[in-house]
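Number of protein chains: 2
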Amino acid sequence: MASNLLRLSRPRTIACIGRNYADHIAELGNTRPTEPFYFLKPATTILQPKAGPILAPKNSNLHYEVELAAVIGSTVEELPNSKEALKAVKGWAVGIDMTARNFQEAAKKKGLPWSLCKGFKTFLPVSHFIPASKIPNPHDVELYLKVNGELKQCDKTSLMLFDIPRLLQHVTSVMPLEEDDLLLTGTPKGVGPVVDGDLIEAGIRVNGIELEEGRIEVR
Amino acid sequence: MASNLLRLSRPRTIACIGRNYADHIAELGNTRPTEPFYFLKPATTILQPKAGPILAPKNSNLHYEVELAAVIGSTVEELPNSKEALKAVKGWAVGIDMTARNFQEAAKKKGLPWSLCKGFKTFLPVSHFIPASKIPNPHDVELYLKVNGELKQCDKTSLMLFDIPRLLQHVTSVMPLEEDDLLLTGTPKGVGPVVDGDLIEAGIRVNGIELEEGRIEVR
Ligand SMILES: [Mg+2]
Ligand SMILES: [Mg+2]
Ligand SMILES: [Mg+2]
Chain A
16 MASNLLRLSR PRTIACIGRN YADHIAELGN TRPTEPFYFL KPATTILQPK AGPILAPKNS
76 NLHYEVELAA VIGSTVEELP NSKEALKAVK GWAVGIDMTA RNFQEAAKKK GLPWSLCKGF
136 KTFLPVSHFI PASKIPNPHD VELYLKVNGE LKQCDKTSLM LFDIPRLLQH VTSVMPLEED
196 DLLLTGTPKG VGPVVDGDLI EAGIRVNGIE LEEGRIEVR
Chain W
16 MASNLLRLSR PRTIACIGRN YADHIAELGN TRPTEPFYFL KPATTILQPK AGPILAPKNS
76 NLHYEVELAA VIGSTVEELP NSKEALKAVK GWAVGIDMTA RNFQEAAKKK GLPWSLCKGF
136 KTFLPVSHFI PASKIPNPHD VELYLKVNGE LKQCDKTSLM LFDIPRLLQH VTSVMPLEED
196 DLLLTGTPKG VGPVVDGDLI EAGIRVNGIE LEEGRIEVR
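So the protein lines, in turn, are chains A and W.
Counting with the numbering used here, you get residues 16 to 234 for the letters of the first sequence.
Counting with the numbering used here, you get residues 16 to 234 for the letters of the second sequence.
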């Protein structure tokens, strides 16, 4: 029931994995990484349910990227690359890693940080909190994203190149994660542009059944 | 008196300006930017006074970068590029933007984010809080950094390419800043390597007189 849906608490750190699905790497003409990498989004990117619209920066080519987000349960340092690492995750969410793609291309060419192209206010629409119990296996769920009713992204998380324990291990080998911090686990293929007024719907299915907590509907 | 020194509160967002002093751009062989750019450090980089040592990542070429940090007083959106913007700053600190330089060079070549090379735990030693009243003109102070007693960096903030209002305007055109968030304003020339056990001392002088609040001493 809608009244039981919980919002995500405000995190301090949002770490986002890049290039974690082979077909998405191919569609952007990128190189496959030999180890995971991540960038940071500031907490001010978070757009809670019904808090839209997404604000498109001037002259930007704005892209959506639907992702599974892990919500950290308490401070963790140096997690192991094993199933144990998943104990650090108290729940999940669906998130859309909005990206000013043309600004990102420019940054990549110049070897500059991704902080601007990924970090504009409202650049992270999120679903409600999904309790861990609702997702028995986070590597076996389906993510989807539609624009104006048309399906654009729809893939299983089993396609991740690096699994979630490996991602957690990598990120925590650099920096601790804390309660309510988010780890976005990368986007599957099908990313593309949206313009002002487009309706974006996204969500997650477990065994073919959509989780109400995971629904995003935003313009 | 030492007993009156205040620690920085824990920020959510730490924005760090790159390439804001011409001689530093030259020493690293970088291109002079036509507008400011920034990257993010996670809050877990902060190393409060006497909380050392700095933890050097394996196989890293660890560099120091002394910087003037602005401490934000309350949530601000879209600050103007004028003296007015400085009203958003409730005080200052000295910070050392520790950087795994070889990891950064690799990221720049591949067009990858700077989050890892700038984001390791302990990668931001900070001084105590410097009340705004102690720095009448933040564009007219001297920053210095010594390694094992040898002076490595010593320059006036008047050498900044983009002044602090312009930096604040740029960053807040992308994302709001909130109370206790930090804006690091770039490093002057003289960056270089340190190894385990090296003593780093840094500080700030106003009209030639060192501010006790701004002292950093860390290994
Ligand atoms: Mg993404
Ligand atoms: Mg970055
Ligand atoms: Mg720096």
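Heads up, some of the hints might be wrong.
Copies of the same chain look alike in the list, so a pair counts if it works inside one copy or between any two.
[Claimed, not checked] List of simulated lysine-lysine pairs, DSS-like, C-alpha gap at most 27 Å:
#1 K136 x K102
#2 K149 x K171
#3 K98 x K161
#4 K204 x K171
#5 K149 x K123
#6 K73 x K105
#7 K65 x K124
#8 K98 x K124
#9 K98 x K136
#10 K167 x K123
#11 K73 x K98
#12 K124 x K161
#13 K102 x K124
These are calculated hints, taken from the structure and not from any lab test.
These numbers were taken from a predicted model, which means no experiment stands behind them.
Checked hints:
1. Taking the closest pair of Cα atoms, K136 and K102 come within 27 Å of each other only across two copies (22 Å); inside a single copy the shortest separation is 31 Å, beyond that limit.
2. When the C-alpha separation of K149 and K171 is checked against a cutoff of 27 Å, the pair qualifies only within one copy, where the shortest distance is 16 Å, while the shortest distance between copies is 57 Å.
3. Proximity of K98 to K161 under the C-alpha cut-off of 27 Å is found in neither arrangement, the shortest distances being 32 Å within a copy and 45 Å between copies.
4. Taking identical chains as interchangeable, the C-alpha atoms of K204 and K171 lie at most 27 Å apart only when both belong to the same chain, with a minimum of 11 Å there against 49 Å between chains.
5. Within a single copy, K149 and K123 get their C-alpha atoms no closer than 38 Å, and across copies no closer than 40 Å, so neither meets the 27 Å cut-off.
6. Taking the shortest Cα distances, K73 and K105 never come within 27 Å of each other, neither inside one copy (37 Å) nor across copies (30 Å).
7. Within a single copy, K65 and K124 get their C-alpha atoms no closer than 36 Å, and across copies no closer than 40 Å, so neither meets the 27 Å cut-off.
8. Within a single copy, K98 and K124 get their C-alpha atoms no closer than 37 Å, and across copies no closer than 34 Å, so neither meets the 27 Å cut-off.
9. In this homomeric assembly, K98 and K136 come within 27 Å of each other (Cα to Cα) only across copies, at 24 Å, whereas the closest approach inside a single copy is 34 Å.
10. For a Cα distance limit of 27 Å, the shortest separation of K167 from K123 inside one copy, 25 Å, qualifies, whereas the shortest one across copies, 31 Å, does not.
11. For the homomeric pair K73 and K98, the shortest alpha-carbon distance between copies (25 Å) is at most 27 Å, but the shortest distance inside one copy (43 Å) is not.
12. Taking identical chains as interchangeable, the C-alpha atoms of K124 and K161 are never at most 27 Å apart, the minima being 30 Å within one chain and 35 Å between chains.
13. Taking the shortest alpha-carbon separations for K102 and K124, neither the intra-copy value of 38 Å nor the inter-copy value of 36 Å comes in at or below 27 Å.
Of the numbered hints listed earlier, those contradicted by the structure are 3, 5, 6, 7, 8, 12 and 13.
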